[in-house]
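Protein chains in written order, with numbering that gives the first Met the number 0: chain A, 0 to 440; chain B, 0 to 210.
Simulated from the structure, these hints should not be mistaken for laboratory data.
The structure displayed is predicted, hence computed values, not measured ones.
Hints may be right or wrong, so weigh each one.
Said to hold, decoys possible - The calculated lysine-lysine pairs, modelled on DSSO-like cross-linking and capped at a C-alpha distance of 27 Å, are:
1. A:58 / A:268
2. A:291 / B:37
3. A:231 / B:83
4. A:247 / A:268
5. A:247 / B:83
6. B:37 / A:182
7. A:268 / A:231
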Amino acid sequence: MAEANDNHDYVGATPPSKAVRTGPSPLYRLLQALASLRFTAILFVLTLIIVFFGTLAQKRDSLNTVLDEYFYCWLAWVDLNLISDFTQVFLKGVRLYGTDEDPGRLRIPFPGGFTIGWVMVVNLVAAHIVRFKLTWKRAGIWVLHAGVIVLLGGEFIRANYAIEDQMRLSEGQSANYLYSLDKSELVFLRPAGSGSDEVVSLPGQMIENAVGALPISHPELPFDVEVVQYMKNTSDPARPISGPVPVKFGEKNLATAGLGLAVRLNAEKEISSIKGDRKINLPGCYVTLREKSNGKAIGTYLFGTAIDDSQPVGPDGEWRAAFRLKRTYLPYSIQAIKVERINWPNTDKPKEFKSTVRLENPTTQESREVLIEMNRPLRYEGRTYYQSTMDTGGPANLTGFQVVQNPGSHIPYVACTLITLGMAFHFLLKLIDFLNRRARR
Amino acid sequence: MRLRTPGPSRPALRRLLVIFVAAVVLLAGCKPPSEITKYTAPHEADESGPPPDVPEDPVTGERILGLIVPAPPERGELQWWFFKMRGRPQAVGRRVKPLEAFAASLKMPADEGMPKYDLPSGWVHTQASNQFALVSIRTGHRYTPLPMDVSKAGGELAANVNRWRDQVGLKELSADEIPGSLREITIGDGTKAYWVDVSGPGRSKPPFAKP
Numbered sequence: 000m001a002e003a004n005d006n007h008d009y010v011g012a013t014p015p016s017k018a019v020r021t022g023p024s025p026l027y028r029l030l031q032a033l034a035s036l037r038f039t040a041i042l043f044v045l046t047l048i049i050v051f052f053g054t055l056a057q058k059r060d061s062l063n064t065v066l067d068e069y070f071y072c073w074l075a076w077v078d079l080n081l082i083s084d085f086t087q088v089f090l091k092g093v094r095l096y097g098t099d100e101d102p103g104r105l106r107i108p109f110p111g112g113f114t115i116g117w118v119m120v121v122n123l124v125a126a127h128i129v130r131f132k133l134t135w136k137r138a139g140i141w142v143l144h145a146g147v148i149v150l151l152g153g154e155f156i157r158a159n160y161a162i163e164d165q166m167r168l169s170e171g172q173s174a175n176y177l178y179s180l181d182k183s184e185l186v187f188l189r190p191a192g193s194g195s196d197e198v199v200s201l202p203g204q205m206i207e208n209a210v211g212a213l214p215i216s217h218p219e220l221p222f223d224v225e226v227v228q229y230m231k232n233t234s235d236p237a238r239p240i241s242g243p244v245p246v247k248f249g250e251k252n253l254a255t256a257g258l259g260l261a262v263r264l265n266a267e268k269e270i271s272s273i274k275g276d277r278k279i280n281l282p283g284c285y286v287t288l289r290e291k292s293n294g295k296a297i298g299t300y301l302f303g304t305a306i307d308d309s310q311p312v313g314p315d316g317e318w319r320a321a322f323r324l325k326r327t328y329l330p331y332s333i334q335a336i337k338v339e340r341i342n343w344p345n346t347d348k349p350k351e352f353k354s355t356v357r358l359e360n361p362t363t364q365e366s367r368e369v370l371i372e373m374n375r376p377l378r379y380e381g382r383t384y385y386q387s388t389m390d391t392g393g394p395a396n397l398t399g400f401q402v403v404q405n406p407g408s409h410i411p412y413v414a415c416t417l418i419t420l421g422m423a424f425h426f427l428l429k430l431i432d433f434l435n436r437r438a439r440r
Numbered sequence: 000m001r002l003r004t005p006g007p008s009r010p011a012l013r014r015l016l017v018i019f020v021a022a023v024v025l026l027a028g029c030k031p032p033s034e035i036t037k038y039t040a041p042h043e044a045d046e047s048g049p050p051p052d053v054p055e056d057p058v059t060g061e062r063i064l065g066l067i068v069p070a071p072p073e074r075g076e077l078q079w080w081f082f083k084m085r086g087r088p089q090a091v092g093r094r095v096k097p098l099e100a101f102a103a104s105l106k107m108p109a110d111e112g113m114p115k116y117d118l119p120s121g122w123v124h125t126q127a128s129n130q131f132a133l134v135s136i137r138t139g140h141r142y143t144p145l146p147m148d149v150s151k152a153g154g155e156l157a158a159n160v161n162r163w164r165d166q167v168g169l170k171e172l173s174a175d176e177i178p179g180s181l182r183e184i185t186i187g188d189g190t191k192a193y194w195v196d197v198s199g200p201g202r203s204k205p206p207f208a209k210p
């Protein structure tokens, strides 16, 4: 019998060339970990928690804010104090934090919607690699799960690439731009000849982040911009018409130039998605414009999306500036020809809203009338125009279109089809199996 | 029977959770930064009007500036066209020159129609600002409009002028004193009209308040 030598621990003359693997590879072990059903359960619990808090958050914040802070992000900051808003329904006066007048926020970091969604996809794919066999019996499950992955992927595409804007026209009016409901911009304009303006745009988010910081300086900007105050919203949904109010003589005023000498905007609470009554946040700001050469202050101006007009800025009046809802200019224009609200006979209840518009595109030489009504939108050049709002009670009929650009618009249909086919196939196989077993007895 | 599900060991799960949290923290910074952009857009005319009027000390009182133009009598009663604006003294003072240009273009109608005139730069028609005005003309910035109301009414000249004087807190004048307080001008069609410019402390109480 061969024996171990004193100089080595292997039996025989030649050493083994490689160590023999006794278990699965590290990659497979990682896949096993990722495919864990315990992990799936944890992810479902995380989903429940983020949906619960995201739903409660809409009591205080606008829908777009909640989507950005809870779902369309990798890291969410969940406000635990929302539990107090929930328990108020059952236990009045009992709060975890803050008071009814000043509830405050108690935020903790939490995986955001993107993180939970993508980890769920990885968990599902890993589970299929590790546990699921590719057989006809499991085909329904494969198709069903593929549909779920497509649905999650489609929502990710929508979150990152879909754009929703608005267009609002009075009868007879024409417009060649859309405006965003949740993004704003501070623009500086000057004539560029041939009926056009040169526009330099600072995103509203940049203005909000620059409060109290060093002035924003950029080669394209005509002035350095120092943000003195930013107001997330200046419109009160409880008031039918919001907007600038006159400055009283002797009243403390941040503005030293421009329109802000005569009017001011009040900082209001952010409009929540449940109390907004279709109103939107209208942000405003006080900014000090400084000369680029020496940093000398030109003046502190009031700007706001509630203020319709641009105002001259700077010493020589070459530039005008405005803070407005972010615009997207189109290569074509739409004119509202006829705006109609049709009520049910002998009632005030609306039956139909329809707008006849004229679409003019000089690039394609198009000029045609189109009818846009509920359930019959206009689809043109990658955008879909839905009849969204209408106001026929004023001096001019007003029509509003929600304009959606979503490269993933068909993905939910594909996903639901896959899920339905997968479930139908799987249940059909189970049914056949059951009937066969009954027949054999 | 205890249900056992396949899964990794506890240390493997702990390692996985650490990787998960680290990935979340790293990805949290993954947001495209905001950018300043430059583009060309169609020119939009500025319809806001002249520069806004800054607030004035209420102790400066109020001022009424306007025109009173005779119209053909109706049913034997004198009739007048009134073009009247009312506000703080400095703000109204800035409208003197534009109103002179307005008066120079003013032409009275031959019959029941409205007078014709050219609007000075920055002045625009708006909805009537009160129940007595037939039309109003915004003479200032959109947010400090200081409308000029166009209306037609009867009565004696002295009574109408004293009504305006009372609105700015001035005492009434007798019929003999009224012509001296007005300026006669000639409007665009050669009609003689009265230029009214009165300033006073303002009316601290409404007319129906008890003295």
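Evaluation of the provided hints:
1. A:58 / A:268: Roughly 12 Å separates the two Cα atoms, so the pair holds.
2. A:291 / B:37: Holds, at roughly 18 Å.
3. A:231 / B:83: 40 Å, violated
4. A:247 / A:268: 23 Å, holds
5. A:247 / B:83: Within the cut-off at roughly 24 Å; holds.
6. B:37 / A:182: 17 Å, holds
7. A:268 / A:231: Given that 27 Å is the threshold and the Cα spacing comes to 8 Å, the pair holds.
Violated hints amount to a single one, hint 3; each of the other numbered hints is respected by the structure.
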